[in-house]
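So the sequence lines, in the order shown, correspond to chains V and X. The first sequence begins at -8 in my numbering and counts up by one. The second sequence begins at -8 in my numbering and counts up by one.
Hints in this document: simulated from the structure, not taken from any laboratory. Predicted model, so just to flag it, every value in this text is computed and none were measured. Any given hint might turn out to be false.
Quick partial rundown of chain V residues pointing at chain X, CB under 7 Å, derived from the structure [claimed, not checked]:
#	residue
1	V40
2	S52
3	G131
4	L264
All C-beta atoms in this analysis are idealised placements derived from N, C-alpha and C, irrespective of residue type, glycine included.
Protein chains: 2
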Amino acid sequence: MTSKGSRLDPWVDSYATRARGMTASEIRALFSVASRPEVVSLAGGMPFVQALPMDAIAEMSARLIRERGPQALQYGSGQGDPTLREQIVEVMREVGIDGHPDEVVVTPGSQMALDVVVRIFCDPGDVVLVEAPSYVGALGVFRAYECDVIHVAMDNEGLVPNALEETIAAVRASGRKIKLIYTIPSFHNPAGVTQGPQRRSEILAIAQRSGILILEDDPYGLLGFDGGPPPRAIRADEADGVVYLGSFSKTIASGIRVGWALAPHGVREKLVLASESAILCPSNLTQFTVSEYLSTQPWRQQIKVFQEVYRERRDALLDALATYMPEGTTWTVPAGGFYSWLTLPPGLDSKAMLPRAIAALVAYVPGTGFYVDGQGQRELRLSYCYPDPERIREGVRRLGTVMESELQLMQTFGADMPQHDSQGPQTPAPDLG
Amino acid sequence: MTSKGSRLDPWVDSYATRARGMTASEIRALFSVASRPEVVSLAGGMPFVQALPMDAIAEMSARLIRERGPQALQYGSGQGDPTLREQIVEVMREVGIDGHPDEVVVTPGSQMALDVVVRIFCDPGDVVLVEAPSYVGALGVFRAYECDVIHVAMDNEGLVPNALEETIAAVRASGRKIKLIYTIPSFHNPAGVTQGPQRRSEILAIAQRSGILILEDDPYGLLGFDGGPPPRAIRADEADGVVYLGSFSKTIASGIRVGWALAPHGVREKLVLASESAILCPSNLTQFTVSEYLSTQPWRQQIKVFQEVYRERRDALLDALATYMPEGTTWTVPAGGFYSWLTLPPGLDSKAMLPRAIAALVAYVPGTGFYVDGQGQRELRLSYCYPDPERIREGVRRLGTVMESELQLMQTFGADMPQHDSQGPQTPAPDLG
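Just need the whole structure built from these sequences, with the hints factored in.
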C-alpha cells in the first residue's frame, strides 16, 4: 500500500461520490442490543413466516429438485421465468391489474426492482417526490443514486393531492426535473394509512397532467383486514404512466427474495438490461419455489391466514395503545399491513428516548429515519407483524412507562430540559422492512 | 400521458444518462435462434449442473425447510449468513486465501458483488483497467456506471505487466483517475489463459506501487485440469489491496445465485451498505441451501467430478480444432475453466460470419463483445462447458466448414470482398456467463 488516505481505510479517497453518504446509521448499534430475546421488538418488519405450511413446502422443495433439478439449478432468463411471470399476472388481478407476462421483470426482492427503476431514471440531482414519511429502504435507494428527495404531506388517507400539485409547481418553478412520484397507496410503511379510490384517481390525474411517472410500491396490498376485496392499484387504471412493484415477501415468505416490477414496454426493456447488468438473472431455484408454491399450495387461503394473524396483532396494538399511552399521544389506525405511526406528546423526542426504551426492553424505529430532512422527531413507527398479541401488549405497556417518566422529568425541570426538536437532519435508520 | 417523447416509449426523454447506452445487443436476436436444440451452442457459459447429485440435494432441501424453515424463509443479515461466511472462508483456503468471515459479503451471484464494488468506487469518467479481451458481464457493469474502460494487452500468460505499467503511466499523464484493475487471473473468460505465480506477483507489485485497487474475479479458480492444487489467488498475498470475488455458480450450481466479495475492512463496510440499499439482504433460502450442501455433501469430490467433465470436453474441443480448423487459425489452450479464445485467419470477421454459422447449426460469441473499443473482429469465444464431447466435435466440424467456405469466397473475389475489419466499435454481446 502507498500511504494515501487514513490508516483505518487506505481507500478512503478512492470512493465514488455516491458512496460518501454511505455510513452506518447511529441507531444500528442500538438495534443489535434490541435483538436480544427479552426485548419486545416493535421495530422490525419481519413477516410471521411461522404461519406457513412448512411440511408442504419441504415436500414441494424436494420434488422440485427431483423433477426439474437441472433447470432449477441452472442460469435462467434475465427477465425472469416465463411461467412465474404468468402467475404474477394472475396474482396482480387481485388488485385489479390486467397485466401481461411480457411486462413483468422478476428481481431478487422488490427492493432490487426499486433499485433498477431508479437506476434507469435518475441522474444525480433529479427530484423524486415521496410521502412524508416514506419507506426507509426507498430513501436509501434514492440517496444511493444521489436523487433530490422532496416530501409531500400525508393525511389519514395518505398522500394529499393538493400538496402534491403545489410541490410539483414549486419544484418546476425552481427549474428542477421531477422524475418519479414514489407512493405506497395501501397500508403504508411506515404511516399505516391507505389511499381511498377517489384519492388514487386524483393522484393519478395529477401525475398524468404533469407527465410524471408514478412508482407504486405495493408489498402489503393483499394484507387488508376488512375482509373485502383488496384496494384497487393505481396501476389498474393506467398502464403507461405507472411502474408497479410487487413482492412475495409478505404474502409468501421474505427469505425467498422474489419480487417484481410491472412496467410499460419501453421501460420494461431498459429494466431487463439494467437488471441483467446487475445480477445476470434472478435465481431459478427461488423463482421455481414460488412458482411451485403458487401452483400447488392454496395461496389465497394462506393469505387469509396471514390477514387473520396480523389483524389480531393490530387489534392488540390498538387496545394496548388506548390503555397505556399518555395523553397527547396520537397514532394511525391501519386497515391492513404491518405498521402504526405514532406521534408523541409535545416535548418528547423519539430518537433521544430510544436508549431508555431499549433499557426498558422495548424497541421501535424513531421517526427521523423515514424523512430526509430532519422531520419526525416526535414520531415513531410501531410494527405489530412479528410479536404475538401478549408480547405486543407488554411492549406497549413498557413504552408507556418510559414515556410517562420522560413526561414527568419534563414537568419537573420544565424549560431546562434539552430541546431535541431543534436538532438537524438525522442519518436514516437501517432498512428494517 | 402528455405528448412528450416518441410514440413507442413515452418516457424516452426521462431516462438517466447511464440508461442511454442500455440497448439490446444486435446479436441477441441471433441467439434466440441459436437456442434451438439442433444448434450446437459453443456460445453460452452454462455449467453442466446435470453432474450434481440431484437426489441428495432434493433430500437436503426438504430437511432444510423442515428443520430450519422459519429462519430459511425469513429476512436475514445484509452481509450474509454468518455460518455460510465461515464456510466461504474455508472454500477460499483452496486458493491460498487466509480470510476472515467478517470480511466476506454474500450477494445473489458474484455479478452483484461486482456491481456493488463498482457502485462504491466509480464516478462517471473514472478509469477501469481491464484485460484485452475481458468478461462481457463486467464490461456491462462498468458501462452502467459510466466508467472509462481501457484495455491492457494479454499474452498466453494473461495480463502483461509491462503493458499494465505503461497504461497506468499514460492514463495518469492524461490527468485521469484510475480506480480499479479488473482481472481474471485463473482460466480467463473469454481468453482461456492463466497467470503464472511470477506474473501474479508482478501485477500485484505494480498495483501496490501505483496505489490502485485490484478487483480479482475468480469464478473458475477451482476448475483446473492438471490435478495439482488450484492457482494461488492474488489476494492470498495481499489483504489490503485486493477485493476478491468468488462464486458458487461453477463449483455448485449457477441457478442458486450465491456469490461473494472478500474485501478489506473499510471497503467491506461500504459494500454491505451498498448491497443492503440494493437488495436489503441476500436470500436465506439460497444461502442455507449452499451452506447445507457444503456441510453435508462431499463438495471437494464433486468439484473433481466437474473438473473431469470439463477436462474431457476441453480435450474434445482441442482435438476437433486441430482436425477441422483451416490454416491460419489459432486458439488458446485452457488449463481449466470453460473457454478457448480463437483467432480467425486474416480477412475473416467473427460477427459477420455468425449468421452463416448459425445457419450451419453452430453458435459462438463474436470477439467484439469482449472489448469496448471495436477490437476483436477476427476473434471469437468457444465454450466447451455444456455440450457433450460428441456435440463439441460436431460443432467444431460445422464451424470449420463455414470458415472454409468463407475463405474460398475470399480467394475467389479477392480484394472485392467487403472488409469487415474497418468497422467501428460494436455493441457488446449479452451476458452469456
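Hint by hint, here is what the structure shows:
| no. | hint | verdict |
| --- | --- | --- |
| 1 | V40 | 4 Å, holds |
| 2 | S52 | 4 Å, holds |
| 3 | G131 | 4 Å, holds |
| 4 | L264 | 4 Å, holds |
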